[in-house]
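Novice: Chain residues, written in single-letter form:
Number of protein chains: 4
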Amino acid sequence: MDRAEPIYDLAHLAHVELLTPKLDESLRFFVDVMGMVESGRQGDSVYLRGWDDYEHHSLKLTASAKPGLGHYAFRTSSPQALQRRVAAIETTGWGKGWGDGDVGHGPAFRFTDPDGHNIEIYFETAWYTPPAELRPALKNQASRYPSRGVGLRRIDHINLLAADVRANRQFMQDYLGCRLTEQIIFDDGSEKGAWLTVCNKSYDVAISEDHYGARGRLHHITYAVDNREDVLRAADICLENNVFIESGPHKHAIQQTFFLYVYEPGGNRFEIATARARLILAPDWKPIV
Amino acid sequence: MDRAEPIYDLAHLAHVELLTPKLDESLRFFVDVMGMVESGRQGDSVYLRGWDDYEHHSLKLTASAKPGLGHYAFRTSSPQALQRRVAAIETTGWGKGWGDGDVGHGPAFRFTDPDGHNIEIYFETAWYTPPAELRPALKNQASRYPSRGVGLRRIDHINLLAADVRANRQFMQDYLGCRLTEQIIFDDGSEKGAWLTVCNKSYDVAISEDHYGARGRLHHITYAVDNREDVLRAADICLENNVFIESGPHKHAIQQTFFLYVYEPGGNRFEIATARARLILAPDWKPIV
Amino acid sequence: MDRAEPIYDLAHLAHVELLTPKLDESLRFFVDVMGMVESGRQGDSVYLRGWDDYEHHSLKLTASAKPGLGHYAFRTSSPQALQRRVAAIETTGWGKGWGDGDVGHGPAFRFTDPDGHNIEIYFETAWYTPPAELRPALKNQASRYPSRGVGLRRIDHINLLAADVRANRQFMQDYLGCRLTEQIIFDDGSEKGAWLTVCNKSYDVAISEDHYGARGRLHHITYAVDNREDVLRAADICLENNVFIESGPHKHAIQQTFFLYVYEPGGNRFEIATARARLILAPDWKPIV
Amino acid sequence: MDRAEPIYDLAHLAHVELLTPKLDESLRFFVDVMGMVESGRQGDSVYLRGWDDYEHHSLKLTASAKPGLGHYAFRTSSPQALQRRVAAIETTGWGKGWGDGDVGHGPAFRFTDPDGHNIEIYFETAWYTPPAELRPALKNQASRYPSRGVGLRRIDHINLLAADVRANRQFMQDYLGCRLTEQIIFDDGSEKGAWLTVCNKSYDVAISEDHYGARGRLHHITYAVDNREDVLRAADICLENNVFIESGPHKHAIQQTFFLYVYEPGGNRFEIATARARLILAPDWKPIV
Chain A
1 MDRAEPIYDL AHLAHVELLT PKLDESLRFF VDVMGMVESG RQGDSVYLRG
51 WDDYEHHSLK LTASAKPGLG HYAFRTSSPQ ALQRRVAAIE TTGWGKGWGD
101 GDVGHGPAFR FTDPDGHNIE IYFETAWYTP PAELRPALKN QASRYPSRGV
151 GLRRIDHINL LAADVRANRQ FMQDYLGCRL TEQIIFDDGS EKGAWLTVCN
201 KSYDVAISED HYGARGRLHH ITYAVDNRED VLRAADICLE NNVFIESGPH
251 KHAIQQTFFL YVYEPGGNRF EIATARARLI LAPDWKPIV
Chain B
1 MDRAEPIYDL AHLAHVELLT PKLDESLRFF VDVMGMVESG RQGDSVYLRG
51 WDDYEHHSLK LTASAKPGLG HYAFRTSSPQ ALQRRVAAIE TTGWGKGWGD
101 GDVGHGPAFR FTDPDGHNIE IYFETAWYTP PAELRPALKN QASRYPSRGV
151 GLRRIDHINL LAADVRANRQ FMQDYLGCRL TEQIIFDDGS EKGAWLTVCN
201 KSYDVAISED HYGARGRLHH ITYAVDNRED VLRAADICLE NNVFIESGPH
251 KHAIQQTFFL YVYEPGGNRF EIATARARLI LAPDWKPIV
Chain C
1 MDRAEPIYDL AHLAHVELLT PKLDESLRFF VDVMGMVESG RQGDSVYLRG
51 WDDYEHHSLK LTASAKPGLG HYAFRTSSPQ ALQRRVAAIE TTGWGKGWGD
101 GDVGHGPAFR FTDPDGHNIE IYFETAWYTP PAELRPALKN QASRYPSRGV
151 GLRRIDHINL LAADVRANRQ FMQDYLGCRL TEQIIFDDGS EKGAWLTVCN
201 KSYDVAISED HYGARGRLHH ITYAVDNRED VLRAADICLE NNVFIESGPH
251 KHAIQQTFFL YVYEPGGNRF EIATARARLI LAPDWKPIV
Chain D
1 MDRAEPIYDL AHLAHVELLT PKLDESLRFF VDVMGMVESG RQGDSVYLRG
51 WDDYEHHSLK LTASAKPGLG HYAFRTSSPQ ALQRRVAAIE TTGWGKGWGD
101 GDVGHGPAFR FTDPDGHNIE IYFETAWYTP PAELRPALKN QASRYPSRGV
151 GLRRIDHINL LAADVRANRQ FMQDYLGCRL TEQIIFDDGS EKGAWLTVCN
201 KSYDVAISED HYGARGRLHH ITYAVDNRED VLRAADICLE NNVFIESGPH
251 KHAIQQTFFL YVYEPGGNRF EIATARARLI LAPDWKPIV
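Going line by line, the protein sequences match chains A, B, C and D. Going by my numbering, the letters in the first sequence line up with residues 1 to 289, in that order. Going by my numbering, the letters in the second sequence line up with residues 1 to 289, in that order. Going by my numbering, the letters in the third sequence line up with residues 1 to 289, in that order. Going by my numbering, the letters in the fourth sequence line up with residues 1 to 289, in that order.
If you are wondering where the hints come from, they were derived from the structure by calculation, not from laboratory data. Bear in mind the structure is a predicted one, so any value in this text is a computation, not a measurement. One or more of the hints may lead you astray.
Claimed, not checked - Sample of chain A residues lacking proximity to chain C, with all beta carbon distances greater than 10 Å (derived):
1) Pro-136
2) Phe-186
3) Glu-229
4) Asn-242
As the list claims (entries may be wrong) - In silico lysine-lysine, PhoX-like type, Cα no more than 25 Å apart, as pairs:
5) D/Lys-192 with D/Lys-286
6) C/Lys-286 with D/Lys-139
7) A/Lys-139 with B/Lys-139
We put the beta carbon where it would ideally sit given N, CA and C, even for glycine.
If we strip away everything but chain A, and leave its shape as in the complex, we get (with noise of 0.2 Å):
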């Protein structure tokens, strides 16, 4: 009876900012092409989100001179939720201190991971309110669902490359009490990628290891739509407009999602995936070598 008890305290991955050198192309792959809708402008950056995101914001576009992630954020599951994570975090000397909040929440603690992604967690947030063009037919549902591009429903998780993959997992474990649901080990004991969740996803964060051995870098960001045929029919629009498909569609045999990889035209990877019925319902899942 003594072994530690599953730690329920981040509710979900929120958001991501991703950093774009061209933002008003950017704007239009999310808005016109992905079926995004803009919720918000402020300084440099837009805010967007999916159909059925329940937050003002799922994404925030930032301009930059280069691409990559600005930070990205998890929503905790309650004040004191929040309050027992910032304590865990400061003990790690990954703290950064509190911030103000941002468009669409409220105060947020900023820490990175060890491997220098910015990483923000918050409670208190702002449900998104459509306005009425937007008001949705079905009262349990965030937003209309858009007949425009591929029709994102929700921000699904997040990719980061890490030069040191364990150091990064267990961080995200012992800290912030991520489950881990799949990795891949070499041989040699080397950790070359790590998969954990913080819900029934099964991962809400990526690890893959860095080749270059660079630091903070994000592989790519995946929003969710309902099926596979919603992938196969995404795949068809970016082909009509000209977005770069890298791979896809495709079954990764890790994880079972199926997927498509993109390219937005700030030079941001980005994902469209599905993963179909499959929740990790297990509180004690093993984790999948």
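We have chain A; now place chains B, C and D onto it with these hints.
Specialist: Then chains B, C and D, alone, in the frame of chain A:
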């Protein structure tokens, strides 16, 4: 900061015991038409599972004079969580004490809800180990995807009838930590239906008003398939196999589930459904009324 | 060896002229919600097409005091086939003479069926040439797949009401060379419905009994989408756009079409359907009764 | 008005005889994994069909020392059409005379194409009459939809290798009345591939250049399923059954078929594909080059 935190003690709906006056026919329905796999037999019971259910079984068919619900069970998220829930339930007077467990899982605490449905909670479980012919090609899958019949993936939810929806709903929230996601309230304030979750599914348990005021009755149980196309295919298969189709394929406005209602030969209503990529990720989801 | 050979003189259903008392609203429905493309205007008419219709248009919307059918047209398989059909029709007394053609096609012979529907047949046609922004990525596609609205692929069939189903059906078989694939005959021998094809689709024209005994009326027209999932998605889109959904998505037992019936704003019933991979390949198909 | 009319004498691709050195294993593949139905046996051959093939069989598996093509056959659109084609073929010197027919069809005229593939054409056929356990719920379906394996619907097309693509293609057009829908022509004018149809499918026969200059060889045969989702499901089933997957699921740029290439145990390449709602309706389709 003094608001109550969400309770994450129950991990997921684990299994349902269904009573059937026609055990052989029910078994043929679930194996041949629904594509489930038999994982054990004991006494008057046969144990079955969907191809991606990770536990020994998610359905226990028990011979009985009449159809209906034997019991249903939740797995807890830890041994400690089990103890906490037992302590809470024992304060209500609905507790019935510990059982020695069943094929496939360890000691279970037994109790009823106010309406009289038999419920069990347990933590220790036997992960399913497929025999050679059912071993999957991918390591992250519980067993081989069957190419027989509908091919049910996993247990999804249970829908109960209750004379007093409100009393039952409050018991589930207060003592089990279920979170209310949707409900039907008439203008006179009477509660007609409630949908509750313990994980990121939009519901694990639904409660509908029993118009006859009877007690402990079942409305239906539901298994998940991956896509809406799978539900449509299920309807084709049921039609070809003389299965009585009560309703669907349709989309529920409530919870947006795309579903098919049929009757299994023993007289129990059975649902095949898909929630697509819909998850309830907000820890503070406001119930849709 | 003296059995009559099948007639292959009509190649396919080519277009339908729909009358609408609300031209602007009908146009917005077909362009914004259904995802069709406008290919021309003339007088009180607007010409539209599905993304894979190869001709200039498959739908002509004409302003009118009331909704209903203007005319519909078949393209013949050759100039010679056109002459043969004209000669056959002229023996019936239903011929109305040659017209000079319309936007998008050459000289057309005009006639009515016994019930009074206006029909045209022609061979010369203008293949659609998409402007740069609608040029497809693949050369074998008539125009770019739109990622707007339902995205209708091509015209599929027309369903007519007729006071005397038998007389109309026999006219279509004897003088146009249509092949009967299914029919509804009541026990008293009366014909209630007929489905006829001129190609490998299971029907290009359906005839249903007009219970009011009126003449020349339309039941609905139908466009094809690729998968059942597209029909389900169409229902979601119609729901979000306040389109009146009459019935579906369902599967017709007759012809097995998976369909959705809606009303366009002008008051005409409109169907979105998929026949999946079903084709009538047998040259001597025995009509299903 | 003196342009040649299209020829509609061949109704559709009817069946293929596949040679296999492992008859039992091939049979298990087609019945258990592909979900076909055995409809007869004679000598060293077993006859099989998809659930919506209307004839007695569409696949004849014959034991042989090596894999490859035995013969393939078209059904004509009438007895008169059969006589016309025989007369035309006899002028070429490729005719081999009449055979007495086979299980399931009447007298067939035998010939080869210039590359040496054995072809038969016939009109008289035995419509398939399902036994009680395979009787479909809907009258317009050839037999019950099987809920076993992939569930192939109907034969779709055959892809042949030929040393001289142009000569073979011209023979198919001039003497059989096939219509060319797409072709690959290199800058030096050499023909590398041709796709020909006799009905509204975008192709019944494809011809690819045989790099080895061999004669009479088969590239693959293809059966149709309804949706792209069925092709993806076929890939899952093949993976679980240790079927060698050569390529796919992907979309062919040519003809836009969504497909999966696998190898059956006898060594023949086999394709599962869907053309979705794509039909070639234009009687004067201009070949895509």
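Novice: Hints broken by the structure, by number, lowest first?
Specialist: 1, 3, 4, 7
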